[in-house]
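Heads up: the sequence lines are chains A and B, in that order. Going letter by letter, the first sequence gives residues 1 to 290 in the numbering used here. Going letter by letter, the second sequence gives residues 1 to 287 in the numbering used here.
Source of the hints: derived by calculation from the structure; they are not laboratory data. Worth double-checking, as some hints may not be accurate.
So, partial list: chain A residues that the calculated Cβ filter (under 7 Å) puts toward chain B [claimed, not checked]:
(1) 108
(2) 144
(3) 273
Facing chain A, a subset of chain B residues (Cβ under 7 Å, in silico) [stated by the list, open to error]:
(4) 75
(5) 92
(6) 113
(7) 175
(8) 179
(9) 232
(10) 269
DEER-style ranges, computed between Cβ atoms [stated by the list, open to error]:
(11) A:279 - B:235: 52 to 62 Å
(12) B:188 - A:107: 48 to 58 Å
(13) A:175 - B:150: 25 to 35 Å
(14) A:279 - B:188: 24 to 34 Å
(15) A:252 - B:72: 42 to 52 Å
Think of the CB as a built atom: it goes at the ideal place given N, C-alpha and C, for glycine as much as any other residue.
Here are the chains, one letter per residue:
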Amino acid sequence: MLNYILNIGNFALIYIILAVSSHLLVRVANQISLGQAAFFGLGAYITALCTVVLDLPLIPSLIIVMTINGLLAYLIAIPSVKLKGDYFVIATLAFQFIVYSVLYNWKSVTGGSDGISGITFPNIFFAKIVSEQFVFFIINIILTIILMFLFFKLQYSMFGKILKALQDDEISLLAVGRDTKKFKISVFVISSAFIGWASYLYATYMTYIDPNSFNIHESIFILIAVLLGGTEKMRGAVLGALFMVLLPEILRFIQIPDMIAAALNQIILGVLLLVIVFFRGNRMFSIKEE
Amino acid sequence: MLINYLLNALINGSIIAILAVGFAMVYNTTRIFHIAYAALYTLSGYLFYQFFEITGLPFVIALLLSVLLTSAVSLGCDILIYRPLVKKNMKSHPLMIASIGLLIIINNIIVLIWGNSPKIISQFELLNIGILGIDSNRLLFFIFYLIILSIMYIILKKSHFEIVMRSMRDNINLTSVLGLNVFSYRTRIFIFSGIIVAAVGSLHSFDVGVNTGVGLPVFIYAFIALIIGGIGKFEGPILGGFFIGFLQTMAEYFLSSQWVVLTIFVVLLIFLLYLPSGIIPEKRREL
Numbered sequence: 001m002l003n004y005i006l007n008i009g010n011f012a013l014i015y016i017i018l019a020v021s022s023h024l025l026v027r028v029a030n031q032i033s034l035g036q037a038a039f040f041g042l043g044a045y046i047t048a049l050c051t052v053v054l055d056l057p058l059i060p061s062l063i064i065v066m067t068i069n070g071l072l073a074y075l076i077a078i079p080s081v082k083l084k085g086d087y088f089v090i091a092t093l094a095f096q097f098i099v100y101s102v103l104y105n106w107k108s109v110t111g112g113s114d115g116i117s118g119i120t121f122p123n124i125f126f127a128k129i130v131s132e133q134f135v136f137f138i139i140n141i142i143l144t145i146i147l148m149f150l151f152f153k154l155q156y157s158m159f160g161k162i163l164k165a166l167q168d169d170e171i172s173l174l175a176v177g178r179d180t181k182k183f184k185i186s187v188f189v190i191s192s193a194f195i196g197w198a199s200y201l202y203a204t205y206m207t208y209i210d211p212n213s214f215n216i217h218e219s220i221f222i223l224i225a226v227l228l229g230g231t232e233k234m235r236g237a238v239l240g241a242l243f244m245v246l247l248p249e250i251l252r253f254i255q256i257p258d259m260i261a262a263a264l265n266q267i268i269l270g271v272l273l274l275v276i277v278f279f280r281g282n283r284m285f286s287i288k289e290e
Numbered sequence: 001m002l003i004n005y006l007l008n009a010l011i012n013g014s015i016i017a018i019l020a021v022g023f024a025m026v027y028n029t030t031r032i033f034h035i036a037y038a039a040l041y042t043l044s045g046y047l048f049y050q051f052f053e054i055t056g057l058p059f060v061i062a063l064l065l066s067v068l069l070t071s072a073v074s075l076g077c078d079i080l081i082y083r084p085l086v087k088k089n090m091k092s093h094p095l096m097i098a099s100i101g102l103l104i105i106i107n108n109i110i111v112l113i114w115g116n117s118p119k120i121i122s123q124f125e126l127l128n129i130g131i132l133g134i135d136s137n138r139l140l141f142f143i144f145y146l147i148i149l150s151i152m153y154i155i156l157k158k159s160h161f162e163i164v165m166r167s168m169r170d171n172i173n174l175t176s177v178l179g180l181n182v183f184s185y186r187t188r189i190f191i192f193s194g195i196i197v198a199a200v201g202s203l204h205s206f207d208v209g210v211n212t213g214v215g216l217p218v219f220i221y222a223f224i225a226l227i228i229g230g231i232g233k234f235e236g237p238i239l240g241g242f243f244i245g246f247l248q249t250m251a252e253y254f255l256s257s258q259w260v261v262l263t264i265f266v267v268l269l270i271f272l273l274y275l276p277s278g279i280i281p282e283k284r285r286e287l
């Protein structure tokens, strides 16, 4: 029973990291990205590289994953931030499909549809005393708290204030000589780099990754986790992620057959999405009413 | 061999072109990123499977029923979801999110009704044209797709429908001030786009079968065709559609079928970066 709760807790925390990182992009840069699972997947494969091939410990791997994810995000962001609205979505969608296609087809490196197995969690001295899941849960909580603390601080820093101005009035910000494009790029890079944490945790927790965990549907789920909470506060993303992880468990608890449960789960999410759009709508994206 | 590749390119190209035009009609006039269009494509394939394979109705009647029901669902999306949102003055982002919600709902209702496994429809020769080793069914499909394209061309170009759509695209408030009933045109646009997506979706499911994941890739190709061809005009998506069709087949022929997706998206990125207005750019006066 404890293992069951720890298992759900671990997934919930991984999802919270994903949602909070993506929340920054949706809320601050006002951009919907359908390519978050691509960064999630890339990070997971880099984690596999770090732990299986290079055998690195926790912190260096995290730094490598964040750096590579951030660099890639930077390369993607330079052309993409010029695009507005739907075009940005399509550019991120294109990135998602390219990454998925490479992960799936570059068999000599990524293992194709077989994926990579045998990713090990780095040895930590007290892992022998208590169960591995519990250690993992602690590390997960620490990372999540660090992340939320950083993002919370970010909101009240100079950078955060400029970002707030960016969503309120981009043109005035341009007029006072701020390079708004630079700020949009940095939001994208920060968001993707911290998704790397979730990738690391996911890959080492599952010990096995394959491309199908990082397809377009995963991207849509990450987006839903952000949106369900209403996007106005960071805690909305946390609640959204928790809900996403708990809903299938609730459906299992009230004993709905597995076959129906998966579809029903998604239908509930779809309906909730419609409801939240209907009641919050423009306010989710800091769009000013004219 | 080569002629079959060519036919493949033409069929894929025309499917993407037709869907791109259908999507462009909705996208240009209502500004909705109508992702649920992908679900309508899947739905029409399953409806055709239901009527033709399970119920055993004749080919034409099954096709008509599938088209009818799909366009009803298409209209339902607009009336039940999009219109209330538009009346609440929602901008394009919330509408897109609503459309993603619709996509998820319709797709999973399909899973609930027909299950997750791919469905194959038993083929028969619709007409026997034994020339050059061409699959005669596929040739017939291609001709049918061409007919759909020309009907769309006639409807859009030879009536005032296209002009109304252009004015809705430019300024929807002005259009309604000038006395055109915008909502009645919206109804027609959603029905019409539903009809064409269903015609293509049903025939293609007869051709290669249907599964729950077919809609989204085809929809994304159609949107890419729209970007590559140019959004404003009727010719743009068609040109873009055939371009994607040929690109797909060429990538299959010269590289390998696993790199098709990658090739198309790399080409899309090149277009987005260097030619964002597409092959046929729209002439617009900047205000």
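A quick look at each hint next to the structure:
A least Cβ separation of about 13 Å between residue 108 of chain A and chain B goes past the 7 Å threshold, and the interface hint is therefore violated. Restraint check, residue 144 of chain A versus chain B: the minimum CB separation of about 26 Å is more than 7 Å; hint violated. For the restraint placing residue 273 of chain A at the interface with chain B, the shortest Cβ-Cβ distance is roughly 4 Å, inside the 7 Å limit, so the hint holds. At a threshold of 7 Å, the smallest CB-CB gap from residue 75 of chain B to chain A is about 17 Å, leaving the interface hint violated.
Checking residue 92 of chain B against chain A by beta carbon gives a least distance of about 6 Å; that is within 7 Å, so the hint holds. Because the smallest distance between the Cβ of residue 113 of chain B and any Cβ of chain A comes to about 10 Å, over 7 Å, the interface hint for this residue is violated. A least Cβ separation of about 18 Å between residue 175 of chain B and chain A goes past the 7 Å threshold, and the interface hint is therefore violated. Nearest Cβ of chain A to the Cβ of residue 179 of chain B: about 24 Å, over the 7 Å cut. The hint is violated.
Contact between residue 232 of chain B and chain A, as hinted, is not supported at the beta carbon level, the nearest pair being about 15 Å apart and thus beyond 7 Å. Because the beta carbon of residue 269 of chain B sits about 6 Å from the nearest beta carbon in chain A, less than 7 Å, this interface hint is met. For residue 279 of chain A and residue 235 of chain B, the Cβ-Cβ distance of about 41 Å falls outside the hinted range of 52 to 62 Å, so the restraint is violated. Between residue 188 of chain B and residue 107 of chain A, the C-beta spacing of about 49 Å keeps the proposed range 48 to 58 Å intact.
A hinted range of 25 to 35 Å for the beta carbons of residue 175 of chain A and residue 150 of chain B is inconsistent with their spacing of about 52 Å. One distance hint, 24 to 34 Å for the beta-carbon pair residue 279 of chain A and residue 188 of chain B, holds here, with the actual separation near 30 Å. Under the hint 42 to 52 Å, the C-beta atoms of residue 252 of chain A and residue 72 of chain B, about 35 Å apart, miss the expected range.
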